[in-house]
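Chains as they are written, first to last, in our numbering: chain A, 1 to 141; chain B, 1 to 141; chain C, 1 to 396; chain D, 1 to 396.
No lab work stands behind these hints, which were simulated from the structure alone. Keep in mind that a hint or two might mislead.
[What the hints assert, rightly or not] To give an idea of the chain A side of the interface with chain D (calculated C-beta under 7 angstroms), a few residues:
#1 Ile10
#2 Leu14
#3 Asp18
#4 Val20
#5 Gln22
#6 Thr43
#7 Ala74
[As the list claims (entries may be wrong)] Here are the simulated DSS-like cross-link-like pairs (lysine-lysine), alpha carbons at most 25 angstroms apart as the crow flies:
#8 Lys49/A <-> Lys343/D
#9 Lys396/C <-> Lys23/B
#10 Lys29/D <-> Lys29/C
#11 Lys396/D <-> Lys42/A
#12 Lys237/C <-> Lys281/D
#13 Lys23/B <-> Lys125/C
#14 Lys29/D <-> Lys49/B
#15 Lys103/C <-> Lys343/D
#16 Lys125/D <-> Lys36/C
#17 Lys5/D <-> Lys103/C
#18 Lys281/C <-> Lys36/D
#19 Lys253/C <-> Lys360/D
#20 Lys343/D <-> Lys237/C
#21 Lys36/C <-> Lys182/D
#22 Lys229/C <-> Lys126/A
#23 Lys36/C <-> Lys5/D
#24 Lys125/C <-> Lys253/D
[As the list claims (entries may be wrong)] A few chain A residues that don't get close to chain D, going by computed Cβ distances all over 10 angstroms:
#25 Ser11
#26 Leu30
#27 Lys40
#28 Gln52
#29 Ser53
#30 Lys62
#31 Lys65
#32 Leu66
#33 Ile85
#34 Ser89
#35 Leu103
#36 Lys126
#37 Arg127
None of the values given here were measured: they were computed from a predicted structure. Glycine included, C-beta positions come from ideal geometry on N, C-alpha and C.
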Amino acid sequence: MIIRERIKEISNNLSLFDDVMQKYEYIIELGHELPSLDNKYKTDAYRVKGCQSNVWLNAYEKEDKLFFEADSDALIVRGLVNILISIYSSNSVGEILNSPSTLLEELGLNEIITAGRQNGVNSMLKRIYQFAHSKKGGINV
Amino acid sequence: MIIRERIKEISNNLSLFDDVMQKYEYIIELGHELPSLDNKYKTDAYRVKGCQSNVWLNAYEKEDKLFFEADSDALIVRGLVNILISIYSSNSVGEILNSPSTLLEELGLNEIITAGRQNGVNSMLKRIYQFAHSKKGGINV
Amino acid sequence: MKNYKNDFPFFENVSDIYFDSAATSQKPKAVLDKLKEYYTSYCANTHRGSHDLGNRATREYEEARETTREFINAQQTEEIVFTKGTTEAINLIASSFVSQRFKTLILSRLEHHSNIVPWQLNGFKEGENLFIIPMNDDLSINLKAYKELLKEHPNSFVSVTHVSNAFGIINPVRELTYLAHKYDSTILVDGAQAIAHIDVDVKELNVDFYVFSAHKMFGPTGVGVLYGKYELLNQTKPYQGGGTMIDDVSFEKTTYLNPPHRFEAGTQNIAGVIGFKEAIKYINDIGYNEIVRHDMQLIRYANSELKKIDSLRLFTDSDNICGNISFNIDGIHHNDIGVLLDKQHITLRTGHHCALPAMKYLGVDGSVRVSFTIYNTIEEIDIFIKALIRAIGMLK
Amino acid sequence: MKNYKNDFPFFENVSDIYFDSAATSQKPKAVLDKLKEYYTSYCANTHRGSHDLGNRATREYEEARETTREFINAQQTEEIVFTKGTTEAINLIASSFVSQRFKTLILSRLEHHSNIVPWQLNGFKEGENLFIIPMNDDLSINLKAYKELLKEHPNSFVSVTHVSNAFGIINPVRELTYLAHKYDSTILVDGAQAIAHIDVDVKELNVDFYVFSAHKMFGPTGVGVLYGKYELLNQTKPYQGGGTMIDDVSFEKTTYLNPPHRFEAGTQNIAGVIGFKEAIKYINDIGYNEIVRHDMQLIRYANSELKKIDSLRLFTDSDNICGNISFNIDGIHHNDIGVLLDKQHITLRTGHHCALPAMKYLGVDGSVRVSFTIYNTIEEIDIFIKALIRAIGMLK
Ligand SMILES: Cc1ncc(COP(=O)(O)O)c(C=O)c1O
Ligand SMILES: Cc1ncc(COP(=O)(O)O)c(C=O)c1O
């Protein structure tokens, strides 16, 4: 349940802010902090399309763990991407697949979990689970 | 204003009935009384199509007056047709065209004036005005 | 028998007996409240933006899709496409899936115009590439003849109604589907008249496409459902082009989203779809067990009472009917009956019920149709029968 | 400046500033009441029957058609076809009128996807048979280049927007139409963004087709209008087949009704169309004089305030705009602005606004769009500007 714990931690951090604008100041900071993705991954092959902003995602497996690195052209999305990476990166396939993506609702960031069909962060989340599935050999992607 | 008078008279007759079912008994009687149209007019050429029932209408001009004779496969429609004929037949083109068809609203028979697109009686009414227009040489049919 | 009228605000204003639910049903309060909720609390366009209001509307809209999936037990949410109605759904499949893919089409003789004309517009014509399944005397489908047709024309597209809108006949959809697939054919079922009366499970029926309209099942006007197996929907070309169905657009080349969004171009009937969700919930809350029991009680009682009337001709003796009954009175025009019942505050339908080929085949040009649903009662049928007898008396 | 918010129940529940009316507008109480009236007093199907309830619904529905005719000053009621929206209207004309009749198509560069993709689905492609009118630096249409195009390709079909949904640019419809006709071409104008802001007179403009959506002009979702000159509509083939658009049906041959009914197959969005009538009445009651005055005051004020912001880039300097303004902030992604404004309770749209070709041409992948209408106020613009400055500060 490492993922669950990470989510709890971030959600605790976020809940420190009474003011929603302060919360976004924090997210923007996380956006600034996210390391830029190597330009060689900023191509269509790595692009997760969104209506509003683009996300580029590189995923790989190392020593039985999955790793994610990503970038976006929008700053707040970078912050959200940073959060997703800190939650999901360096976890095992099992840990990821056993944590339903709806857990993220705890974060109270509806930018991440929305019904929108073309949201970059949302699409990134889907890709993370798809990648985990593919490594499990599952077909339910 | 002969048409207006005829409408007034029929509308007076109809208003004698307190009970709507009695009114329809009267209309059914008018249906029985309507002379059958000669079979030679009961062809597609004379047919006024309706969603619910068919009306066959023959119209002709004699001594500067227009005459109408008609029939239907439904009895109540025959009654309504009888009313229309007694209003419009043996009038001049001018008399007809100067009496807007909305005058019939006075009869309180929404079977005659409805928004329905495929009502036999309604279509017959339109044909009557079209015929009058054609005899006037008008184009606003 | 429970009285459901209180759920429907319509009956607070109208005391007439409403026996025309096969044309369109009344709407429960929950549906009307939901329409109002959308328009007054989160009225925004969907699937476009990042703002909270739009996200709320989008979430409600997509929940309606998931509710619909569950309702007919489809495999995936993506198999549910919202349309304007049954008619549009059939036109969509005729134009974007069947046309140019299938050489032959098989229809039943009882189809509604909405399941005839779209095919004609797409080049199907009787005697050439359109074949009609013969029926038995009780208006049921002649399964043997159907099998022969399929044998002769494998790889056909079959499009049949689940329940006849003019005679209430229930077609054996499972068998029709099984046979269609056996002869490499694909089948669409028109559920417009079935969905309010029969618990439909598309997975169990194994139909390829299933279509129906919200307004006939207590939902708003202007909403329909096209269910299609995902792999088939995915082979279906876009039907209309416009906003929110595209992936990328340039003047040279445009790429499209996957189903279902590929088929929902432009602003949809957002309020209608969201309200529709409540119609499904209403049905789920009552449950099909109760609905079927209620409906069958009404239809059996009406059937037995109608049979007592001299000179009344029912079109079928079959017990395998639901929703509606059609009849004629010897020597009396159906329209005359309709008018006199209307004047006695009984609302029902007379005419060809948009099923002219069936009417022509039976040698009539129309009938009187009574249709029943959850808010009708046995007492209403008694009143109707009395009114009918009075009307016949006046017209004889 | 009069405050119209009280007419809109939405603002009783939502205190956010709504600057996204170009996507969909809020609905006045009269429209919501009318929807409820239909559903609770004369809920029945239309155009089918002889019963009073259905006749009432049919009358209300057809009155909506006549109200629409009068609203845009069409010659005949029969020239008004109800559709699901602008998108469906354009698809209808592309598929049933233009395709197979016109060899070449002319579009502007500012078109919404709904006025691009339908044409692509019907075989038009840039560089082959689809030509784009060049525009001037201020995004207005280059009339001289348009004339050259027409000269080179007479007998074309021209399809242009009246008002750009991404930049508010008003196109000179009368001139575009005059020139189209001069070169034997036929013209459709997409009025989706114009109709709520400009008094449209189709007779005076002399356009051949004019289309718009109810939901962008205070009406219900799922309703659109296709206006067409009668003689052209009469040459238009049926688009969808189904109930109530036919004259006679047999499996061998079917004949169709005249316009407009030929194009309204199946059960329409009855409640929506009837509610739409009230939206038109609402506009008529306020009057376009007042609407234009109100809208122009807002747009001019917003424009001047936006110009004061450093690093803010407006896409056009033209004064000939209405309804909406688009901008970007140097070095900041439009989506970031959108999120931070949303969090400050200002609802507006960011993104490509379904106008990707225009965005690509301008070398951006989106913008921030504010759109205004009758219920917006100067005070709201002041609050918005403050919030925008705060957002920029956070993101720099
Ligand atoms: C200019 C323009 N055309 C067409 C449309 C499509 O309208 P609808 O989505 O109502 O079909 C829109 C709406 O976004 C628009 O702004
Ligand atoms: C069997 C059947 N199919 C199709 C339709 C068409 O449905 P809609 O008018 O909602 O498109 C109807 C409705 O009358 C019907 O009864």
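Here is what the structure says about each hint:
{"no.": "1", "hint": "Ile10", "in the structure": "violated (18 angstroms)"}
{"no.": "2", "hint": "Leu14", "in the structure": "violated (13 angstroms)"}
{"no.": "3", "hint": "Asp18", "in the structure": "violated (14 angstroms)"}
{"no.": "4", "hint": "Val20", "in the structure": "holds (5 angstroms)"}
{"no.": "5", "hint": "Gln22", "in the structure": "violated (10 angstroms)"}
{"no.": "6", "hint": "Thr43", "in the structure": "violated (16 angstroms)"}
{"no.": "7", "hint": "Ala74", "in the structure": "holds (4 angstroms)"}
{"no.": "8", "hint": "Lys49/A <-> Lys343/D", "in the structure": "holds (24 angstroms)"}
{"no.": "9", "hint": "Lys396/C <-> Lys23/B", "in the structure": "holds (16 angstroms)"}
{"no.": "10", "hint": "Lys29/D <-> Lys29/C", "in the structure": "holds (18 angstroms)"}
{"no.": "11", "hint": "Lys396/D <-> Lys42/A", "in the structure": "holds (23 angstroms)"}
{"no.": "12", "hint": "Lys237/C <-> Lys281/D", "in the structure": "violated (40 angstroms)"}
{"no.": "13", "hint": "Lys23/B <-> Lys125/C", "in the structure": "violated (48 angstroms)"}
{"no.": "14", "hint": "Lys29/D <-> Lys49/B", "in the structure": "violated (41 angstroms)"}
{"no.": "15", "hint": "Lys103/C <-> Lys343/D", "in the structure": "violated (56 angstroms)"}
{"no.": "16", "hint": "Lys125/D <-> Lys36/C", "in the structure": "violated (43 angstroms)"}
{"no.": "17", "hint": "Lys5/D <-> Lys103/C", "in the structure": "violated (58 angstroms)"}
{"no.": "18", "hint": "Lys281/C <-> Lys36/D", "in the structure": "holds (20 angstroms)"}
{"no.": "19", "hint": "Lys253/C <-> Lys360/D", "in the structure": "holds (13 angstroms)"}
{"no.": "20", "hint": "Lys343/D <-> Lys237/C", "in the structure": "violated (39 angstroms)"}
{"no.": "21", "hint": "Lys36/C <-> Lys182/D", "in the structure": "violated (49 angstroms)"}
{"no.": "22", "hint": "Lys229/C <-> Lys126/A", "in the structure": "holds (22 angstroms)"}
{"no.": "23", "hint": "Lys36/C <-> Lys5/D", "in the structure": "holds (17 angstroms)"}
{"no.": "24", "hint": "Lys125/C <-> Lys253/D", "in the structure": "holds (8 angstroms)"}
{"no.": "25", "hint": "Ser11", "in the structure": "holds (18 angstroms)"}
{"no.": "26", "hint": "Leu30", "in the structure": "holds (13 angstroms)"}
{"no.": "27", "hint": "Lys40", "in the structure": "holds (21 angstroms)"}
{"no.": "28", "hint": "Gln52", "in the structure": "violated (4 angstroms)"}
{"no.": "29", "hint": "Ser53", "in the structure": "violated (5 angstroms)"}
{"no.": "30", "hint": "Lys62", "in the structure": "holds (32 angstroms)"}
{"no.": "31", "hint": "Lys65", "in the structure": "holds (31 angstroms)"}
{"no.": "32", "hint": "Leu66", "in the structure": "holds (27 angstroms)"}
{"no.": "33", "hint": "Ile85", "in the structure": "holds (19 angstroms)"}
{"no.": "34", "hint": "Ser89", "in the structure": "holds (24 angstroms)"}
{"no.": "35", "hint": "Leu103", "in the structure": "holds (22 angstroms)"}
{"no.": "36", "hint": "Lys126", "in the structure": "holds (19 angstroms)"}
{"no.": "37", "hint": "Arg127", "in the structure": "holds (19 angstroms)"}
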